[in-house]
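Asks: The primary structure of each chain is shown beneath.
There are 2 protein chains.
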Amino acid sequence: MVKINENFKDLKENYLFSTVAKKVSEFQEKNPNKKVIKLGIGDVTRPIPNSCIKAMKRALDEMSNSKTFRGYGPEQGYEFLRKAIVDNEYKNLGIDIDEIFISDGAKCDCGNIVDLFDKDNKIAITDPVYPVYLDTNVMAGRAGEYINNKYSKVIYIPLTEENNFIPDMSKEIPDIIYLCFPNNPTGTVLTKEQLKLWVDYAKENNSIIMFDAAYCEFITQKDIPKSIYEIEGAKEVAIEFKSYSKTAGFTGIRCAYTVVPKTLFAWDKNKEKIQLNKLWNRRQCTKFNGVSYITQRGAEAIYTKEGKNEIKENINYYMNNARIILKGLKEKNIVAYGGINSPYVWLKTPNNISSWDFFDKLLLEANVVGTPGEGFGPSGEGYFRLTAFGSKENTIEAMDRIKSMKI
Amino acid sequence: MVKINENFKDLKENYLFSTVAKKVSEFQEKNPNKKVIKLGIGDVTRPIPNSCIKAMKRALDEMSNSKTFRGYGPEQGYEFLRKAIVDNEYKNLGIDIDEIFISDGAKCDCGNIVDLFDKDNKIAITDPVYPVYLDTNVMAGRAGEYINNKYSKVIYIPLTEENNFIPDMSKEIPDIIYLCFPNNPTGTVLTKEQLKLWVDYAKENNSIIMFDAAYCEFITQKDIPKSIYEIEGAKEVAIEFKSYSKTAGFTGIRCAYTVVPKTLFAWDKNKEKIQLNKLWNRRQCTKFNGVSYITQRGAEAIYTKEGKNEIKENINYYMNNARIILKGLKEKNIVAYGGINSPYVWLKTPNNISSWDFFDKLLLEANVVGTPGEGFGPSGEGYFRLTAFGSKENTIEAMDRIKSMKI
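These protein sequences, in sequence, are chains A and B.
Residues in the first sequence are numbered from 1 upward in steps of one, following the working numbering.
Residues in the second sequence are numbered from 1 upward in steps of one, following the working numbering.
Hints in this document: simulated from the structure, not taken from any laboratory.
Careful: at least some of the hints might be erroneous.
Some chain B residues flagged as far from chain A (calculated, every beta-carbon gap over 12 Å) [as the list claims (entries may be wrong)]:
id : residue
1  : F8
2  : E13
3  : K54
4  : M63
5  : S64
6  : D104
7  : D115
8  : S227
9  : T263
10 : N320
11 : E331
For lysine-lysine, the following BS3-like pairs were computed, each having C-alpha atoms within a straight-line distance of at most 25 Å [to be verified]:
id : chain 1 : residue 1 : chain 2 : residue 2
12 : A       : K35       : B       : K361
13 : A       : K269      : B       : K9
14 : B       : K305      : B       : K332
15 : B       : K67       : A       : K153
16 : A       : K406      : A       : K327
Quick reminder that beta carbons are idealized off the backbone N, C-alpha and C, glycines included.
So that you can see chain A by itself, here it is in the shape it has in the complex (with noise of 0.2 Å):
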């Protein structure tokens, strides 16, 4: 008798964005006339810089022909992408190609690391957090039971007000901690020093850090690092994840990659140590088949002058819709984090109202979509997301109509 993997039935029902997408969809069909702006979702609204576009075609034409045809490529993705990432992004940090593995995506690699780990693995997330996080190590049977808002094996690390959104180091131990800075949702960052200290407690534990870094090219100012690997030490301590997803729009076209250094070890029931970098190039061999040599190209020329000029004009362009979030916040004396180094922006409920019931009135009252702050995770109760990835015109009169609300 086919048996299904039980921890299926530890999952929550509801997945945040689809509550939010129902919630949205039966709005609008009472309301057919309203129209919704959604600073909602992580999902970007600039097209695809022209420079991919001209990359892919060539690509595409190279592809109709027998004589410059590819097929399976490297599980691990061409080297033309590897190097150009090393040598633009990891310039002097010491990161080599064969510790880049370019996929379809941050969620993807986020999700799939988790094969290689033993079930009996402490995790530690921050809190609120992306949930992908939590539910892949739910799957993996990791997380135990769900009570109160929580799942009994995981240890939640509150980002809060309270603490300045700066994580405290756990008194409990975690095998594996989660840290994305820029933090999603908060849009909060650490400085160098700051991230130094997990580096450190990370050492010290044998534990090791999955640094989310999606994020890391909106930021704007200095000390804040854009890779864990600008930290001394991380290379033996850390797992990092990239995405062209926010930067080059890629969220429709799929492609990242995560960087796995050879330096980088966990322990076997012998304690023993085993390369990470070894293990996940197996998995990804034996379960993936490499990304689109299309993709891979259009990746590639993000990183050629006009590439590079593109993606910041877009950077720019969602940077300057978080200062309209943030200013018009302020002019309504909404409390907000993160915008700065971030295309995310996180308010607080006013009137200390929950953060579904803002939702709420949000969607009726203004016919704007934000993410409630509980649904990242019990910390996040009572603040609320907004983003920087819609268009110029609705970020302005998404805010109008926010600063119109009776609050």
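Given the coordinates of chain A, work out where chain B should sit on it, guided by the hints.
Replies: Below, chain B alone, put in the same frame as chain A:
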């Protein structure tokens, strides 16, 4: 202390195709002037059909304009492609759009599907077998120890000359049965009647069949099912995997799909029936972010009139190669199977030499690369795989060289 997934240690060190690649590159280094013809790995050589290229270019134009730009697509795939699949591949078979899941490859799906099942399911594979079914179950801890060329907990069902390549029902009842027909590597097929026996067997024993139909478009004979859902009752016992890799040359583009009928269930600890369609949907929504919009438009074009003709032409081209291979082997008095409903030819090594010895001999004397049967499992020993995916010219030349070998 972070602990690795111990099951990785049970994986065999050498992956079949990497060993082949290593031997070939060593040979080429020593013999830089010899032209090696590769009929080994199942990679295609014909370029992407024009209809697909045109559709992908149109999609790129859409992506370059903010009015027609698309960000995140549905994790399950766009409805336009799912609908085209239902209308073209499953006409009159009662498969619903919600039962189709688009992905970036059948290898990924075959690998990721194991997430849904408890560690303690007993798996059965045919032997020889596509290594991914086995390795992904090793990683999940279902295979046991590797002793004498076999994993102790896996049921091996031989596919050999002796049983006419028709898998016998196992006396020990498996929970999960992997079947691939037209078969990789043997190139052999099952009739509807023969497959029906397996569907009935699975139903009787509450087992599930993972049906890999990646080569269904190569079927030329009547009464050979292109989909397991042509068999009555299969929708209650089978998941089906299909791919555009070999038909439209998408090995480097990456697009496939998996069918998980809503009538398909597995059991939980309390013997309650759980719908696998829901579980797979949840898995994909959590660990996957959909396939490139560009790619999906390319796949859709396969179902246009022009696309269908181009695919047919591709398949005819490869099947003509298969005929060339079969004819050449016959002239050389080498016994061979497959090649009629499949791009794979499975030959018996002459004089009973081992499959790796035949590999070395073929590489050294004819400079032709094939795949040693032993690499696909213990029952593959004494056999050797040649594929029809080369160019016609190379296939003819390879067979001429083989014919002039001393055997």
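Asks: Evaluate each hint against the coordinates.
Replies: Against the structure, the hints:
no., hint, verdict
1, F8, "violated, 6 Å"
2, E13, "violated, 10 Å"
3, K54, "violated, 9 Å"
4, M63, "violated, 5 Å"
5, S64, "violated, 5 Å"
6, D104, "violated, 6 Å"
7, D115, "violated, 6 Å"
8, S227, "holds, 21 Å"
9, T263, "holds, 14 Å"
10, N320, "holds, 16 Å"
11, E331, "holds, 28 Å"
12, A:K35 <-> B:K361, "violated, 71 Å"
13, A:K269 <-> B:K9, "holds, 11 Å"
14, B:K305 <-> B:K332, "violated, 41 Å"
15, B:K67 <-> A:K153, "violated, 46 Å"
16, A:K406 <-> A:K327, "holds, 18 Å"
Going down the numbered hints, you'll see the structure goes against 1, 2, 3, 4, 5, 6, 7, 12, 14 and 15, while the others check out.
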